[in-house]
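If you want the building blocks of each chain, they are given just below.
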Amino acid sequence: MTIYPMVRAAAALVLCLTLTPHAFAAILSYDREELPGGAVLLVKESHELPIVIIRASFQGGSRYEPVEKQGLANLTARMLPRGTQNRTASAIERLNDLLGGGAGTAAGRDFSTASIRLLTRDLKRGLVLFADVLRRPIFPRKELKKMKAQLLGSLQRKKDRPGYLADKAFRNRLFGLHPYGRQVEGLPETIRKVNQRDLVNFHRNRYGMKGAIFVFVGDITITRARNEVLDHFRDWKTQMDPPPEVFASAVDTGEKMSIIKIERPFKQSTIILGNRSLSRRHKDFYAARVMNYILGGGGFESRLMSNIREKMGLVYSIYSYFAAGMDTGHWRLMLKTKNSSANQAISKSIAEIQRIQEDGVSERELQEAKAFITGNFATRFQSSSRIADYIMAVERLGFPPDYAEKYLDIIRAVTKEQVQAAAKTHINLDTSILTVVGNLDEAKLKY
Amino acid sequence: MRKIVLLSITLLLSPYPAFIALGDGKSPGHQTDSSGSLRVPWEVIEHRLANGMQALMLQDRRAPSVVFQVWYGVGSRDEPKGKTGISHLLEHMMFRGTKKYGPKVFSNIVKRNGGSHNAFTSLDYTAYFERIASDRLGLVMALEADRMVNLVLKRKELEPERLVVLEERRSRTEDSPTGMLFERLRASSFVKHAYGNPIIGWSQDIKNISLDDLKDFYRHYYMPNNATAIIVGDFSVSETIQLLEKHFGPIPPRPFQGRPRMKEPPQVTGRRLVVRKEAQLPYIAMAHHVPNWRDKDGAALIMLESILGGGETSRLYQRLVRKDAIALGAGTDYTYVSVDPMLFYLYGQPAPGKSARDIEEAILHELDQLTQKGVPRQELERNLRRIEAQTIFSMDSHFYRAMQLGRASIAGNWRLVDSFLPSLAKVTSADIVRVAKLYLRKDGRTTATLVPIPPKGRHQGQKGVAKQEVIRK
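Chain order of the listed sequences is E and P. For the first sequence, the positions run 1 to 447 when the numbering used here is used. For the second sequence, the positions run 1001 to 1473 when the numbering used here is used.
Hints in this document: simulated from the structure, not taken from any laboratory. Any given hint could be a false lead.
[What the hints assert, rightly or not] Example chain E residues on the side facing chain P (calculated, C-beta under 7 Å, incomplete):
1) 104
2) 119
3) 149
4) 153
5) 163
6) 164
7) 316
8) 368
9) 370
This one's a predicted model, so the numbers in the text were calculated from it and none came from an experiment. Glycine included, C-beta positions come from ideal geometry on N, C-alpha and C.
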């Protein structure tokens, strides 16, 4: 059944923590242990439902693949369940279905993740499968060939999606060959170059106890979790050859905004405007988060939504966010509007950016933003999967388990001056890139 | 995030049973009943207000927050001709102010209290929800009770919202090849029933809906005796009942004319349509009229949906995507919980170099195999286990649990969730073959094909493109 939510939630790529003082302590207290071999174990017990959510993270994101083999990290992750020393792909699929179909593997830009969701009764069997897929994949050639064909087809299909086209062009211009400028799936020409040996090597290098993070949430104890992880993974060595150097290619940060126009016969223009910006560990991240809530991250409460959607009716979706990564990041504003309104929506968006940079925010806006960010925290953890995602994100950033408390304190202390300074420093129209995908004859862009 | 299909998320469609029969029932720490079934915390408390409003409460104390939802028995199936999309437009207008609060106040109050909110409209229902700390439950009840009866509809607020909805339609349908394909497929499948109309409405209708139309529609459907409140999370039942009585109790019931009744005449000949649109790859989808939960065949149809299209070992995925690699995706979709009987879909997207016809033939071949040879016991068992596990997994989320209750309640009886899994366990291979033959017949099938056309500016023709938009056989 198709449902029509009124607002598409802005993709929350940023780690957004919000909390009420007493609420979070109970929900988010979890155990952290360092295991032999360099892995970390994080466990949150909760016995209300007979379910255990398990996630394992590895330093196997696309940042560790050579530029000429873009897509290698993704292919490695996705090929893990396609055959092991003990099981064929079909046997793995059958077992996974029997366990409820809750296993999956994926690569991101910084990390790769394997996850499985099990009924308590299936824990033993599920972990055997989980370990087999992670430790003993053989990446059969025949399966790899099919997987590559499948990926090439899905890349072609994605060209129907204006959001994908805009994101690809925008990232590429913003970060060049830096992992944040590339698509995790890779490109058709680089996917074709990846062979079985590459996968075997990438797996040997990037997967193992060293740097691994295991998260268990649900119907399990810390003792049981520790024993299971050690039983299955204790002797798992990683080779860890030095990874390729990650570099951000020089971006032409000229005097004014640069523009990418992509002609496609869509009814709407899909527009991304943004610039390189802070990393997740930057000290200004908190003020920037509050600022962005007021500007474009706060749903109906945001200035962009109020003025460009509610008042003018120009868009259905409009939002902005900081995608703050491990070593760098970006800020972007995204909107869709009928082609003939593109100019108006862009100029109105730019005016909103300039207004928050020049005039800052009101005391009321500041207080309401902080009230939301801190008050909403407890309500976000209404499922074990959400809790697992949170715990994993905190650990990946290298923050301690009590990070939530500190986060709350820092948010509370953010001032109007800091908010305005964050707008001025971390949104930069001069070095920004405007990307427009749509029917350019109708849009008649003046940019 | 949806991958290839565009219709729904299967998890969202499966109702929850009250007690789930698990194989061994030996999981430590969980109660089992006398039959050895595992007992999961799914105890719904029902409360009915004197004005006819129903409330369903489900406690889950894992986090000190609640999901509060108000469901109205109105959706696109209830819309008058020429006014399609009015339920959804009204849903948007529900955020634009009441007698007590001006426009935008609703959202501001919820958010500065740390809550989040939204709404959704479908064929059978319109629903509003908030997610908020438990101690603010009364606050969101006050807001929902207020807009149940005190909505102010003004032209100044309507006109920009109409534009917003037209933008929404462009994103969802007009710029989405598969969005458009499924819209046209449903429109061709139903000749009489309003399920044939798009939920978001036809553009022309969205443009024509007047302020008076909205006012009439609101008065007709928004009343306590056509509403269900659902509360899932950490709350006290007695306090919550008091809050419901305080906020919703004083709203008088109104005479409710009921929802329109309609029946789709049986489809006796196959139909075909072609959607030609700029797209990278073709797509094919077939729709068949099927009964829903009210019919004894519903359980067998759920199993059929699962065997053909559920999970990695489903027949369509294994044959088309994994073995022959002729499709990028393939699957099924069936709506069991609905007010009136809906459709059973079979669909697939060809891999580059393959045609929609290749996919259609392969899907129908798999269907033939199933009706000729039946389903081995092991395969039945595996599907049953998968559905069972997924049903429990889906309980992890407060929001989905509330969704299941809401949908079942709107469809006619929230308790139907009780009988769901046990009824699946009784389904035999012969039942599945019988319903496949009976409902997925050629005569009752509507087949829609997406035929990509080159972007404008290029003029070369394409082989095999049908000349007519709709061909009826």
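Here is what the structure says about each hint:
no. : hint : verdict
1   : 104  : 10 Å, violated
2   : 119  : 6 Å, holds
3   : 149  : 6 Å, holds
4   : 153  : 5 Å, holds
5   : 163  : 9 Å, violated
6   : 164  : 11 Å, violated
7   : 316  : 4 Å, holds
8   : 368  : 5 Å, holds
9   : 370  : 9 Å, violated
Hint check: violations occur at hints 1, 5, 6, 9; the rest are consistent with the structure.
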